[in-house]
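Visitor: Residues per chain are reported as follows:
Protein chains: 2
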Amino acid sequence: MAMRPLRSLLSFEEALKVCLEKTEPIERRESVPLAEAGGRVLCEDITASSDVPAFDRAAMDGYAVLAQDTYQAGTLKPAALEVIETLYAGDLAKKKVGPGTCTEVATGVKLPPGADGVVRVEDTERVGSRVSIRRPIHPGQYVSRRGEDVRRGTVVLRAGNLLTPSRVGVLAAVGRAEAPVYERARVHIIASGEEVVEPGQPLADGRVYNINSYSLAAIVQDTGARATLAGIVADDRASIRRAIEEGLDCDVVVFSAGSSVGERDILVDVMQEVGKVLFHGIAVKPGKPTLFGRVGRTLLFGMPGYPTSCLSNAYMMLVPMLRKMMRLPVRQEERAQASLSTRIVSVTGRHQFYTVRLDDGEALPAFKESGAITSMSEADGYIEIPANVDLVEKGEKVLVRRF
Amino acid sequence: MAMRPLRSLLSFEEALKVCLEKTEPIERRESVPLAEAGGRVLCEDITASSDVPAFDRAAMDGYAVLAQDTYQAGTLKPAALEVIETLYAGDLAKKKVGPGTCTEVATGVKLPPGADGVVRVEDTERVGSRVSIRRPIHPGQYVSRRGEDVRRGTVVLRAGNLLTPSRVGVLAAVGRAEAPVYERARVHIIASGEEVVEPGQPLADGRVYNINSYSLAAIVQDTGARATLAGIVADDRASIRRAIEEGLDCDVVVFSAGSSVGERDILVDVMQEVGKVLFHGIAVKPGKPTLFGRVGRTLLFGMPGYPTSCLSNAYMMLVPMLRKMMRLPVRQEERAQASLSTRIVSVTGRHQFYTVRLDDGEALPAFKESGAITSMSEADGYIEIPANVDLVEKGEKVLVRRF
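Protein chains in written order, with the numbering used here: chain H, 7 to 409; chain P, 7 to 409.
No lab work stands behind these hints, which were simulated from the structure alone. Hints may be right or wrong, so weigh each one.
Identical chains share a label here; the pair holds if one copy fits it or two copies do between them.
[Said to hold, decoys possible] Below, a list of computed lysine to any residue pairs in the SDA-like style, where the Cα atoms sit at most 20 Å apart:
id, residue 1, residue 2
1, Lys-403, Gln-343
2, Lys-294, Arg-126
3, Lys-282, Leu-22
4, Lys-101, Asp-211
5, Lys-101, Arg-213
6, Lys-403, Ala-342
7, Lys-100, Arg-213
8, Lys-102, Thr-354
9, Lys-100, Asp-211
10, Lys-102, Gly-212
11, Lys-101, Ala-210
12, Lys-294, Glu-128
Isolated chain H, as found in the complex (with noise of 0.2 Å):
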């Protein structure tokens, strides 16, 4: 077993830099349907192709009116109309509203003809077919404007727009019934090592469960991203070689290793046969034996064994790249501030990713060591220490990400 330490570390800085100017965001496209869009990623921008509304119309339940018909109109001498037609939604006037009389219309109707204005329910008193308008409207009153939400010819969205729930009632608005969106990003999750076994099965001497491939399933799904898991390969050459390349139609492979370094020095072995090594090995504590790298437009990440470091890593460097291959925003509002319950010394010269519990505004330590899932489990979120620093004091405030 020749075993090769890490030689020169790249900086968790440098090592990220690199992570996102490998990251392309994605171009393929597809066409979902509009019950299916939500959170994804406008590909195209849309162009109303009518007016919104499509015509004018009642703003209000109550009468459509010649506005000066009421201009005399007040509680103690009401104006008095006859109602020629009422109108329910989606009625089409038949009549036109002239001098003297009115139509009934709900909210959302296209206006008669002749009217310019609409009176309210509440400002109106029935009798028979004749009503009493207690309050005078000026032309326009209560009425939407054909266009007025948006007009035709208008970019209403634009390629690269989150579809939020009000951006999809966009896309209805403009009677699109499918959006044209970014492909989600395809991870395959692959683990490897002679003493890995699936959950579920017995657990016999020497072994341990396959934490990571579950773990990381979970963030990247928690991403938008879609996660395959390819299972546990063998770790010898062929076999890790043969994995790696049946997710070379993914955007990216993570291949959690095995937890030694021999097994470690296959993958980069391997990388190096079938693509390029970008980087092995970060002063990021914990995550330090973290290998990076391409084949073809697949890029691929060796994660180190220990859950908390494979983790910790995904969430400080797979989850920015994929979110940059799915054109998602920044998100600044999941960090939480808090001041720190205790001093923590850190590692100089090593990114640190620490995690907290929070508790009424404090940010407790929560780490353990990077072996144990519990450290992490049982944590809120993390704060990241940089390598220049190498003591947080009690009280400081610090950011939260939250888990």
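Assemble the complex: chain H is given as a structure, and chain P must be docked to it using the hints.
Guide: Frame of chain H; chain P shown alone:
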């Protein structure tokens, strides 16, 4: 057409209180594969059936030794040991480590019998079957003890825990292939109105596209709940009743009523026939003509027809209800603080939902009118102005809830 104007309006706080009081957390349970468990909520405490790690293991690549053999070791005077065996990941020792001997181990390997510590490969020099140890270790050094992460019998996760990526990892660590979780909420979405047409269809004169079903589906899915779209139903009592009854196997039926008071009256009447109206009319702007009731264990919302009113009600009432149903934690981190770019005069007596754009820490009004879907699609989020506040000054700090 007997139009019944809304009479007594409930305050927004009272309405929200009623909504949340009538909302019961879902008790239905299911088991989901671990690879799909992220974001779900556990319905059982999870107890570790074995220790994690299940055995004392090497925490570093190196040599398993008797610590006392290294006490005198130093750079200038290394201790020399005989390598009796090499253990790769998953291997079990065949030989016992005794004085003067050691076993080469990969990280994660079960500590061989006899050994009580590990010397890191960095602190050694190997020549043939002999290795020089340049640094002393103490007993237990670079060894992860059996049960150090999780002790057998410990409750590692609790019912009600949201399955974050690291908690999914904990399930894997204790060997679970499936996660016992509460079911997600199911929401049945119905549109009504003779004037409403599905997107993708031609738009006849006087008609509008069905916007609300799609923006509601997006907001419902965004909470993690499942949405079923029941399409557009006719505005008569029998059709509306049938549509509601078809949705009664869901947790919530959301009815985006036609826009007129007349249509809403049909819904009120049907709700009274088949169940109970809990409130009708809220002092909130937009969103006043909102109806809430219950049929059996299914909650019913009659949302106003205007897209902004419908969606703002969904943000302010439906989302908190769904989150309570699904036992999801309150999310404060989605609120961003900003200073208001201009004075806003609000309607006293009505809780106002006010859309804003965010620009460099400033919140700029984006509201047009409740009929306009663009009031929301061009906004980044909203602020709420309570009913007893009639004025928010320029420069005041406001909390913006992002879309």
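Visitor: Does each hint fit the structure? Answer for all of them.
Guide: Comparing the hints with the structure gives:
no.: 1; hint: Lys-403 to Gln-343; verdict: both (7 Å within a copy, 17 Å between copies)
no.: 2; hint: Lys-294 to Arg-126; verdict: between (70 Å within a copy, 15 Å between copies)
no.: 3; hint: Lys-282 to Leu-22; verdict: within (17 Å within a copy, 57 Å between copies)
no.: 4; hint: Lys-101 to Asp-211; verdict: between (88 Å within a copy, 16 Å between copies)
no.: 5; hint: Lys-101 to Arg-213; verdict: between (84 Å within a copy, 18 Å between copies)
no.: 6; hint: Lys-403 to Ala-342; verdict: both (10 Å within a copy, 17 Å between copies)
no.: 7; hint: Lys-100 to Arg-213; verdict: between (81 Å within a copy, 16 Å between copies)
no.: 8; hint: Lys-102 to Thr-354; verdict: neither (82 Å within a copy, 39 Å between copies)
no.: 9; hint: Lys-100 to Asp-211; verdict: between (85 Å within a copy, 13 Å between copies)
no.: 10; hint: Lys-102 to Gly-212; verdict: between (88 Å within a copy, 16 Å between copies)
no.: 11; hint: Lys-101 to Ala-210; verdict: between (85 Å within a copy, 19 Å between copies)
no.: 12; hint: Lys-294 to Glu-128; verdict: between (71 Å within a copy, 15 Å between copies)
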